[in-house]
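Student: Sequence:
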Amino acid sequence: MVYITEDMVRRRAEHNESEIFSLEEVSLHQQDIEKIEHLDTWCRELKILYLQNNLIGRMENLSRLKKLQYLNLALNNIEVIENLEGCESLQKLDLTVNFIGRLSSVETLRHNLHLRELFLVGNPCAEFQGYRQYVVTSLPQLKWLDGTKISRSERIGASQGLEEVRRRVWVQEEEYLKRRKEEKEEAERKGAGEDGGNEDDARNAAVCSEEDEEQHEKEFWHTPCSFTPESRLEAHRHLEEKRRAKEKSMVKTEKPLRTLITVDGRVLNVNEPKLDFSLTEDEDNNSIILDLSVYRHMDSSLLDVDIQPTFARVSVRGKMFQMVLPVEVRPDSSTALRSQTTGHLLLTMPRVHTAEGEIKVTRTTPRPIRRSHSPEDRERRNKVLERLEVNPSKHWALALGSIVPHQETTEGPLEASRSAAPTAAGRDTSSEEFVDDPDVPPLV
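Counted the way the numbering used here counts, the sequence shown spans residues 326 to 769.
Some hints could be false.
Using 25 Å as the maximum straight-line C-alpha spacing, the simulated SDA-like pairs for lysine to any residue come out as follows [unchecked claim]: (1) K372 to Q466; (2) K571 to N378; (3) K360 to R562.
Since the hints were made in silico from the structure, they are not lab data. Everything numeric in this text was worked out from a predicted model, so none of it was measured.
Please model the entire structure based on the sequences and the hints provided.
Tutor: Laid out in C-alpha coordinates, this is it:
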(Lines of atoms letter the chains of each structure in order from A and count residues from 1; the text may use other names and numbers.)
(Lines give C-alpha, C1' and ligand atoms only; values in the text may rest on other atoms or scores of the structure.)
Protein backbone atom coordinates (compact mmCIF):
# COMPACT_ATOMS: atom_id res chain seq x y z
CA MET A 1 0.00 0.00 0.00
CA VAL A 2 1.36 3.38 -1.04
CA TYR A 3 0.84 6.34 1.29
CA ILE A 4 1.02 10.06 0.58
CA THR A 5 4.24 11.20 2.24
CA GLU A 6 5.73 14.62 2.71
CA ASP A 7 8.71 13.67 0.58
CA MET A 8 6.41 12.63 -2.26
CA VAL A 9 4.59 15.97 -2.17
CA ARG A 10 7.85 17.95 -2.02
CA ARG A 11 9.27 16.13 -5.02
CA ARG A 12 6.10 16.97 -6.95
CA ALA A 13 6.38 20.64 -5.88
CA GLU A 14 9.62 21.46 -7.71
CA HIS A 15 8.03 24.45 -9.43
CA ASN A 16 7.31 25.88 -5.95
CA GLU A 17 10.90 25.40 -4.70
CA SER A 18 9.73 22.30 -2.77
CA GLU A 19 7.61 24.42 -0.41
CA ILE A 20 4.28 22.75 0.29
CA PHE A 21 2.58 25.19 2.68
CA SER A 22 1.98 27.65 -0.18
CA LEU A 23 1.48 25.04 -2.89
CA GLU A 24 -1.45 25.77 -5.22
CA GLU A 25 -1.15 22.84 -7.64
CA VAL A 26 0.15 19.31 -7.21
CA SER A 27 0.00 16.20 -9.39
CA LEU A 28 -0.01 12.83 -7.62
CA HIS A 29 -1.25 10.69 -10.50
CA GLN A 30 -0.09 7.11 -11.19
CA GLN A 31 1.38 6.61 -7.72
CA ASP A 32 -0.75 3.57 -6.69
CA ILE A 33 -2.17 5.64 -3.81
CA GLU A 34 -5.04 3.92 -1.98
CA LYS A 35 -5.97 6.62 0.52
CA ILE A 36 -6.19 10.44 0.51
CA GLU A 37 -4.54 11.90 3.60
CA HIS A 38 -2.46 14.82 4.94
CA LEU A 39 -3.17 17.10 1.97
CA ASP A 40 -5.81 19.10 3.85
CA THR A 41 -3.21 19.79 6.57
CA TRP A 42 -0.01 20.31 4.57
CA CYS A 43 -1.41 22.11 1.51
CA ARG A 44 -4.24 24.40 2.64
CA GLU A 45 -3.71 26.69 -0.37
CA LEU A 46 -4.33 24.02 -3.01
CA LYS A 47 -6.40 25.06 -6.03
CA ILE A 48 -5.71 22.18 -8.43
CA LEU A 49 -5.27 18.57 -7.32
CA TYR A 50 -4.54 15.67 -9.69
CA LEU A 51 -5.12 12.20 -8.22
CA GLN A 52 -6.13 10.27 -11.34
CA ASN A 53 -5.08 6.70 -12.11
CA ASN A 54 -4.58 5.54 -8.53
CA LEU A 55 -6.34 3.00 -6.30
CA ILE A 56 -8.30 5.43 -4.12
CA GLY A 57 -11.49 3.89 -2.74
CA ARG A 58 -13.00 6.83 -0.84
CA MET A 59 -13.25 10.60 -1.15
CA GLU A 60 -11.99 11.72 2.24
CA ASN A 61 -9.81 14.31 4.00
CA LEU A 62 -10.63 17.00 1.43
CA SER A 63 -13.17 19.16 3.27
CA ARG A 64 -10.54 21.65 4.55
CA LEU A 65 -9.36 22.60 1.09
CA LYS A 66 -11.47 25.77 0.88
CA LYS A 67 -9.64 27.12 -2.17
CA LEU A 68 -9.73 23.91 -4.21
CA GLN A 69 -11.18 24.63 -7.67
CA TYR A 70 -10.35 21.49 -9.70
CA LEU A 71 -10.27 17.91 -8.41
CA ASN A 72 -9.37 15.03 -10.74
CA LEU A 73 -10.12 11.56 -9.39
CA ALA A 74 -10.52 9.71 -12.68
CA LEU A 75 -9.57 6.02 -12.93
CA ASN A 76 -9.89 5.16 -9.25
CA ASN A 77 -12.07 2.84 -7.16
CA ILE A 78 -14.56 5.38 -5.82
CA GLU A 79 -18.13 4.11 -5.31
CA VAL A 80 -19.83 7.05 -3.57
CA ILE A 81 -19.60 10.83 -3.97
CA GLU A 82 -19.06 12.25 -0.48
CA ASN A 83 -17.16 14.62 1.83
CA LEU A 84 -16.86 17.53 -0.58
CA GLU A 85 -19.22 19.94 1.16
CA GLY A 86 -16.30 21.95 2.61
CA CYS A 87 -14.71 22.58 -0.79
CA GLU A 88 -16.46 25.91 -1.22
CA SER A 89 -14.54 26.98 -4.34
CA LEU A 90 -14.88 23.70 -6.26
CA GLN A 91 -15.68 24.38 -9.93
CA LYS A 92 -14.73 21.17 -11.74
CA LEU A 93 -14.93 17.55 -10.59
CA ASP A 94 -13.70 14.65 -12.73
CA LEU A 95 -14.82 11.16 -11.66
CA THR A 96 -14.40 9.41 -15.01
CA VAL A 97 -14.21 5.58 -14.97
CA ASN A 98 -14.84 4.86 -11.32
CA PHE A 99 -17.37 2.53 -9.69
CA ILE A 100 -20.06 4.97 -8.65
CA GLY A 101 -23.36 3.08 -8.65
CA ARG A 102 -25.21 5.12 -6.04
CA LEU A 103 -26.42 7.93 -8.26
CA SER A 104 -28.31 9.55 -5.42
CA SER A 105 -24.97 10.55 -3.86
CA VAL A 106 -24.76 13.26 -6.53
CA GLU A 107 -27.15 15.33 -4.43
CA THR A 108 -24.33 15.93 -1.88
CA LEU A 109 -22.82 18.32 -4.43
CA ARG A 110 -25.69 20.78 -4.04
CA HIS A 111 -23.68 22.61 -1.40
CA ASN A 112 -20.86 23.29 -3.90
CA LEU A 113 -22.48 26.38 -5.34
CA HIS A 114 -19.60 27.16 -7.73
CA LEU A 115 -19.53 23.70 -9.34
CA ARG A 116 -19.81 24.09 -13.11
CA GLU A 117 -18.41 20.86 -14.64
CA LEU A 118 -18.93 17.24 -13.67
CA PHE A 119 -17.66 14.04 -15.34
CA LEU A 120 -19.31 10.71 -14.49
CA VAL A 121 -18.84 8.87 -17.76
CA GLY A 122 -17.58 5.30 -17.37
CA ASN A 123 -19.34 4.74 -14.04
CA PRO A 124 -22.15 2.19 -13.53
CA CYS A 125 -24.58 5.00 -12.72
CA ALA A 126 -24.08 6.48 -16.19
CA GLU A 127 -25.88 3.41 -17.59
CA PHE A 128 -29.07 4.06 -15.60
CA GLN A 129 -32.19 5.13 -17.45
CA GLY A 130 -32.85 8.80 -16.73
CA TYR A 131 -29.23 9.31 -15.53
CA ARG A 132 -28.66 12.66 -17.26
CA GLN A 133 -32.10 14.01 -16.41
CA TYR A 134 -31.61 13.10 -12.76
CA VAL A 135 -28.20 14.83 -12.51
CA VAL A 136 -29.34 17.95 -14.32
CA THR A 137 -32.32 18.44 -12.02
CA SER A 138 -30.34 17.57 -8.87
CA LEU A 139 -27.57 20.12 -9.55
CA PRO A 140 -29.08 23.36 -10.84
CA GLN A 141 -25.69 25.16 -10.69
CA LEU A 142 -24.11 22.70 -13.17
CA LYS A 143 -23.27 23.99 -16.69
CA TRP A 144 -21.48 20.95 -18.22
CA LEU A 145 -22.07 17.21 -17.73
CA ASP A 146 -19.67 14.65 -19.23
CA GLY A 147 -18.28 17.28 -21.57
CA THR A 148 -21.70 18.27 -22.94
CA LYS A 149 -23.16 21.69 -22.19
CA ILE A 150 -26.51 21.75 -20.39
CA SER A 151 -28.85 23.98 -22.34
CA ARG A 152 -31.75 25.91 -20.85
CA SER A 153 -34.29 23.88 -22.78
CA GLU A 154 -32.73 20.63 -21.48
CA ARG A 155 -33.03 21.85 -17.93
CA ILE A 156 -36.66 22.80 -18.40
CA GLY A 157 -37.42 19.43 -19.97
CA ALA A 158 -35.61 17.56 -17.22
CA SER A 159 -37.80 19.15 -14.58
CA GLN A 160 -40.90 17.62 -16.18
CA GLY A 161 -41.72 14.16 -14.84
CA LEU A 162 -38.97 14.43 -12.22
CA GLU A 163 -40.70 12.16 -9.71
CA GLU A 164 -41.00 9.31 -12.19
CA VAL A 165 -37.30 9.65 -13.11
CA ARG A 166 -36.24 9.57 -9.50
CA ARG A 167 -38.36 6.49 -8.75
CA ARG A 168 -36.84 4.69 -11.73
CA VAL A 169 -33.30 5.66 -10.72
CA TRP A 170 -33.82 4.43 -7.16
CA VAL A 171 -35.00 1.03 -8.40
CA GLN A 172 -31.95 0.62 -10.60
CA GLU A 173 -29.74 1.75 -7.77
CA GLU A 174 -31.15 -0.91 -5.44
CA GLU A 175 -30.58 -3.60 -8.05
CA TYR A 176 -26.98 -2.46 -8.49
CA LEU A 177 -26.32 -2.45 -4.75
CA LYS A 178 -27.62 -6.04 -4.44
CA ARG A 179 -25.40 -7.14 -7.32
CA ARG A 180 -22.51 -5.28 -5.78
CA LYS A 181 -23.01 -7.07 -2.47
CA GLU A 182 -22.84 -10.44 -4.23
CA GLU A 183 -19.64 -9.39 -6.01
CA LYS A 184 -18.04 -8.47 -2.69
CA GLU A 185 -18.95 -11.82 -1.17
CA GLU A 186 -17.59 -13.66 -4.19
CA ALA A 187 -14.35 -11.67 -3.97
CA GLU A 188 -14.02 -12.56 -0.28
CA ARG A 189 -14.50 -16.26 -0.97
CA LYS A 190 -11.97 -16.14 -3.79
CA GLY A 191 -9.50 -14.31 -1.58
CA ALA A 192 -9.90 -16.92 1.15
CA GLY A 193 -9.28 -19.70 -1.38
CA GLU A 194 -6.14 -18.00 -2.66
CA ASP A 195 -4.81 -17.63 0.87
CA GLY A 196 -5.30 -21.35 1.45
CA GLY A 197 -3.44 -22.22 -1.71
CA ASN A 198 -0.45 -19.99 -1.04
CA GLU A 199 1.42 -22.78 0.76
CA ASP A 200 0.99 -25.16 -2.18
CA ASP A 201 2.09 -22.45 -4.59
CA ALA A 202 5.21 -21.86 -2.52
CA ARG A 203 6.08 -25.58 -2.65
CA ASN A 204 5.53 -25.79 -6.39
CA ALA A 205 7.26 -22.52 -7.22
CA ALA A 206 10.68 -24.14 -7.40
CA VAL A 207 9.59 -26.81 -9.88
CA CYS A 208 7.34 -24.56 -11.95
CA SER A 209 8.67 -24.39 -15.47
CA GLU A 210 8.52 -21.42 -17.83
CA GLU A 211 5.75 -23.08 -19.86
CA ASP A 212 3.58 -23.48 -16.75
CA GLU A 213 4.20 -19.86 -15.83
CA GLU A 214 3.18 -18.69 -19.29
CA GLN A 215 0.05 -20.84 -19.14
CA HIS A 216 -0.86 -19.41 -15.73
CA GLU A 217 -0.33 -15.87 -17.01
CA LYS A 218 -2.50 -16.55 -20.03
CA GLU A 219 -5.30 -17.99 -17.91
CA PHE A 220 -5.21 -15.03 -15.52
CA TRP A 221 -5.73 -12.43 -18.25
CA HIS A 222 -8.19 -14.43 -20.40
CA THR A 223 -10.51 -15.60 -17.60
CA PRO A 224 -13.71 -13.49 -17.71
CA CYS A 225 -14.47 -11.45 -14.59
CA SER A 226 -16.69 -8.55 -13.63
CA PHE A 227 -15.24 -5.05 -13.61
CA THR A 228 -15.16 -4.25 -9.91
CA PRO A 229 -12.81 -2.49 -7.49
CA GLU A 230 -11.71 -5.93 -6.26
CA SER A 231 -10.80 -7.17 -9.75
CA ARG A 232 -8.88 -3.96 -10.41
CA LEU A 233 -6.95 -4.38 -7.17
CA GLU A 234 -6.26 -8.01 -8.02
CA ALA A 235 -4.89 -7.07 -11.44
CA HIS A 236 -2.73 -4.39 -9.85
CA ARG A 237 -1.29 -6.78 -7.28
CA HIS A 238 -0.62 -9.36 -9.97
CA LEU A 239 1.31 -6.83 -12.04
CA GLU A 240 3.18 -5.71 -8.93
CA GLU A 241 4.27 -9.28 -8.17
CA LYS A 242 5.44 -9.75 -11.74
CA ARG A 243 7.42 -6.54 -11.57
CA ARG A 244 9.10 -7.50 -8.30
CA ALA A 245 9.95 -10.95 -9.61
CA LYS A 246 11.49 -9.40 -12.71
CA GLU A 247 13.54 -6.95 -10.65
CA LYS A 248 14.70 -9.76 -8.39
CA SER A 249 15.80 -11.85 -11.36
CA MET A 250 17.64 -8.89 -12.87
CA VAL A 251 19.61 -8.18 -9.70
CA LYS A 252 23.15 -9.31 -10.33
CA THR A 253 24.87 -11.18 -7.58
CA GLU A 254 27.99 -9.42 -6.40
CA LYS A 255 31.14 -11.04 -7.65
CA PRO A 256 33.62 -12.14 -5.00
CA LEU A 257 36.69 -9.99 -4.65
CA ARG A 258 39.54 -11.00 -6.92
CA THR A 259 42.44 -12.57 -5.03
CA LEU A 260 45.61 -10.63 -5.83
CA ILE A 261 47.88 -12.03 -3.12
CA THR A 262 47.34 -15.44 -1.54
CA VAL A 263 47.32 -16.10 2.17
CA ASP A 264 50.88 -17.37 2.06
CA GLY A 265 52.05 -14.13 0.39
CA ARG A 266 52.33 -15.41 -3.19
CA VAL A 267 51.54 -12.71 -5.78
CA LEU A 268 49.26 -13.80 -8.63
CA ASN A 269 49.09 -12.69 -12.25
CA VAL A 270 45.72 -11.04 -12.93
CA ASN A 271 44.30 -9.46 -16.11
CA GLU A 272 40.71 -8.44 -15.35
CA PRO A 273 40.44 -5.75 -18.08
CA LYS A 274 41.75 -8.32 -20.61
CA LEU A 275 44.34 -5.98 -22.12
CA ASP A 276 47.21 -6.93 -24.40
CA PHE A 277 50.66 -6.36 -22.92
CA SER A 278 54.34 -7.02 -23.50
CA LEU A 279 57.22 -7.34 -21.04
CA THR A 280 60.75 -6.70 -22.32
CA GLU A 281 64.22 -6.11 -20.87
CA ASP A 282 66.34 -3.10 -21.72
CA GLU A 283 69.90 -4.33 -21.18
CA ASP A 284 71.46 -1.00 -22.08
CA ASN A 285 69.61 0.81 -19.30
CA ASN A 286 69.45 -2.22 -16.98
CA SER A 287 65.63 -1.96 -16.68
CA ILE A 288 62.37 -3.81 -17.40
CA ILE A 289 59.69 -2.27 -19.64
CA LEU A 290 55.97 -3.16 -19.42
CA ASP A 291 53.82 -1.98 -22.36
CA LEU A 292 50.09 -2.14 -21.51
CA SER A 293 47.56 -1.59 -24.32
CA VAL A 294 45.17 0.73 -22.50
CA TYR A 295 42.05 1.92 -24.33
CA ARG A 296 42.99 4.83 -26.55
CA HIS A 297 40.17 7.24 -25.65
CA MET A 298 40.00 6.46 -21.94
CA ASP A 299 40.86 9.31 -19.59
CA SER A 300 44.10 8.92 -17.65
CA SER A 301 42.30 9.75 -14.39
CA LEU A 302 40.76 6.27 -14.57
CA LEU A 303 44.21 4.67 -14.26
CA ASP A 304 46.00 3.94 -11.00
CA VAL A 305 49.56 2.56 -11.09
CA ASP A 306 51.25 0.82 -8.18
CA ILE A 307 54.79 -0.55 -8.63
CA GLN A 308 56.31 -2.77 -5.98
CA PRO A 309 59.79 -4.35 -5.96
CA THR A 310 58.46 -7.73 -7.14
CA PHE A 311 55.26 -6.89 -9.06
CA ALA A 312 53.42 -4.13 -10.92
CA ARG A 313 49.71 -3.37 -10.49
CA VAL A 314 47.52 -1.16 -12.69
CA SER A 315 43.85 -0.37 -12.00
CA VAL A 316 41.90 0.29 -15.23
CA ARG A 317 38.42 1.63 -14.41
CA GLY A 318 38.40 -0.42 -11.23
CA LYS A 319 39.58 -3.64 -12.91
CA MET A 320 42.95 -4.97 -11.80
CA PHE A 321 45.95 -5.84 -13.96
CA GLN A 322 48.79 -7.37 -11.97
CA MET A 323 52.02 -9.00 -13.14
CA VAL A 324 54.85 -10.63 -11.25
CA LEU A 325 58.23 -9.25 -12.36
CA PRO A 326 61.11 -11.61 -13.18
CA VAL A 327 63.64 -9.58 -11.16
CA GLU A 328 63.52 -7.06 -8.36
CA VAL A 329 63.08 -3.44 -9.46
CA ARG A 330 63.36 -0.02 -7.88
CA PRO A 331 59.90 1.57 -7.44
CA ASP A 332 61.29 4.98 -6.48
CA SER A 333 63.10 5.28 -9.85
CA SER A 334 60.32 3.80 -12.00
CA THR A 335 58.31 5.92 -14.43
CA ALA A 336 54.82 5.62 -15.97
CA LEU A 337 54.17 7.34 -19.30
CA ARG A 338 51.20 7.21 -21.65
CA SER A 339 51.28 7.64 -25.40
CA GLN A 340 49.16 10.47 -26.76
CA THR A 341 48.65 8.67 -30.08
CA THR A 342 48.03 5.04 -29.14
CA GLY A 343 47.01 5.45 -25.50
CA HIS A 344 49.39 2.70 -24.38
CA LEU A 345 50.79 2.84 -20.86
CA LEU A 346 54.58 2.35 -20.64
CA LEU A 347 56.12 1.40 -17.29
CA THR A 348 59.92 1.66 -17.08
CA MET A 349 61.30 -0.08 -13.99
CA PRO A 350 65.08 -0.05 -13.31
CA ARG A 351 66.48 -3.27 -11.89
CA VAL A 352 68.06 -3.23 -8.45
CA HIS A 353 70.89 -5.67 -9.43
CA THR A 354 71.63 -8.62 -11.64
CA ALA A 355 70.38 -12.12 -11.19
CA GLU A 356 73.06 -13.09 -8.63
CA GLY A 357 72.61 -10.00 -6.52
CA GLU A 358 75.70 -8.03 -7.54
CA ILE A 359 77.21 -6.08 -10.40
CA LYS A 360 80.00 -8.21 -11.83
CA VAL A 361 83.16 -7.21 -13.62
CA THR A 362 85.38 -10.18 -14.56
CA ARG A 363 88.90 -10.39 -13.11
CA THR A 364 91.87 -12.41 -14.34
CA THR A 365 93.88 -14.60 -11.99
CA PRO A 366 97.05 -12.77 -10.88
CA ARG A 367 100.25 -14.15 -12.32
CA PRO A 368 103.89 -13.62 -11.20
CA ILE A 369 105.46 -10.98 -13.39
CA ARG A 370 109.16 -11.19 -14.17
CA ARG A 371 110.69 -7.80 -13.95
CA SER A 372 112.61 -7.60 -17.15
CA HIS A 373 113.49 -4.59 -19.22
CA SER A 374 113.57 -6.46 -22.48
CA PRO A 375 111.29 -5.13 -25.26
CA GLU A 376 109.51 -8.51 -25.57
CA ASP A 377 108.60 -8.63 -21.86
CA ARG A 378 107.47 -5.01 -21.88
CA GLU A 379 105.22 -5.62 -24.88
CA ARG A 380 103.75 -8.75 -23.27
CA ARG A 381 102.96 -6.89 -20.04
CA ASN A 382 101.15 -4.17 -21.96
CA LYS A 383 98.86 -6.73 -23.60
CA VAL A 384 97.75 -8.23 -20.27
CA LEU A 385 94.69 -6.45 -18.83
CA GLU A 386 94.27 -6.33 -15.11
CA ARG A 387 90.57 -6.37 -14.24
CA LEU A 388 89.22 -5.76 -10.78
CA GLU A 389 86.06 -7.14 -9.18
CA VAL A 390 83.66 -4.57 -7.76
CA ASN A 391 81.46 -5.93 -5.02
CA PRO A 392 79.47 -3.45 -2.91
CA SER A 393 79.20 -5.99 -0.10
CA LYS A 394 82.97 -6.37 0.17
CA HIS A 395 85.22 -3.50 1.14
CA TRP A 396 88.94 -4.04 0.52
CA ALA A 397 91.56 -1.67 1.87
CA LEU A 398 95.16 -1.52 0.79
CA ALA A 399 97.53 -2.35 3.75
CA LEU A 400 100.53 -0.18 3.07
CA GLY A 401 102.36 -1.49 6.15
CA SER A 402 102.62 -4.97 4.66
CA ILE A 403 104.62 -3.85 1.63
CA VAL A 404 107.93 -3.43 3.60
CA PRO A 405 108.43 -5.65 6.69
CA HIS A 406 108.94 -3.61 9.82
CA GLN A 407 112.11 -4.28 11.82
CA GLU A 408 112.51 -3.01 15.33
CA THR A 409 115.92 -1.45 16.18
CA THR A 410 117.32 0.66 18.94
CA GLU A 411 120.06 2.18 16.84
CA GLY A 412 119.89 5.74 15.70
CA PRO A 413 120.15 6.85 12.11
CA LEU A 414 123.90 7.42 12.29
CA GLU A 415 124.69 3.99 13.71
CA ALA A 416 122.40 2.37 11.12
CA SER A 417 124.26 4.05 8.26
CA ARG A 418 127.62 3.08 9.64
CA SER A 419 126.66 -0.53 10.14
CA ALA A 420 125.30 -0.74 6.62
CA ALA A 421 128.64 0.23 5.04
CA PRO A 422 130.68 -2.80 6.16
CA THR A 423 127.90 -5.03 5.02
CA ALA A 424 128.12 -3.60 1.54
CA ALA A 425 131.91 -3.72 1.63
CA GLY A 426 132.02 -7.23 3.01
CA ARG A 427 129.85 -8.68 0.22
CA ASP A 428 130.94 -12.07 -1.00
CA THR A 429 133.10 -11.50 -4.09
CA SER A 430 133.62 -15.12 -4.70
CA SER A 431 130.27 -15.44 -6.46
CA GLU A 432 130.56 -16.36 -10.09
CA GLU A 433 127.74 -14.11 -11.08
CA PHE A 434 129.41 -10.96 -9.74
CA VAL A 435 131.66 -9.00 -12.16
CA ASP A 436 133.54 -5.97 -10.91
CA ASP A 437 133.32 -3.14 -13.34
CA PRO A 438 136.20 -0.68 -12.91
CA ASP A 439 134.18 2.09 -14.46
CA VAL A 440 131.57 1.99 -11.67
CA PRO A 441 132.65 3.91 -8.56
CA PRO A 442 132.31 2.14 -5.22
CA LEU A 443 129.32 2.83 -2.91
CA VAL A 444 129.95 5.22 -0.01
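Student: Work down the list of hints and note, for each, if the structure agrees.
Tutor: The hints, checked one at a time:
1. K372 to Q466: Distance of about 20 Å is within 25 Å: holds.
2. K571 to N378: Answer holds: K571 to N378 is near 23 Å, not above 25 Å.
3. K360 to R562: Since the Cα atoms of K360 and R562 sit roughly 16 Å apart, the hinted pair holds (cutoff 25 Å).
Going through the hint list in order, the structure satisfies each hint without exception.
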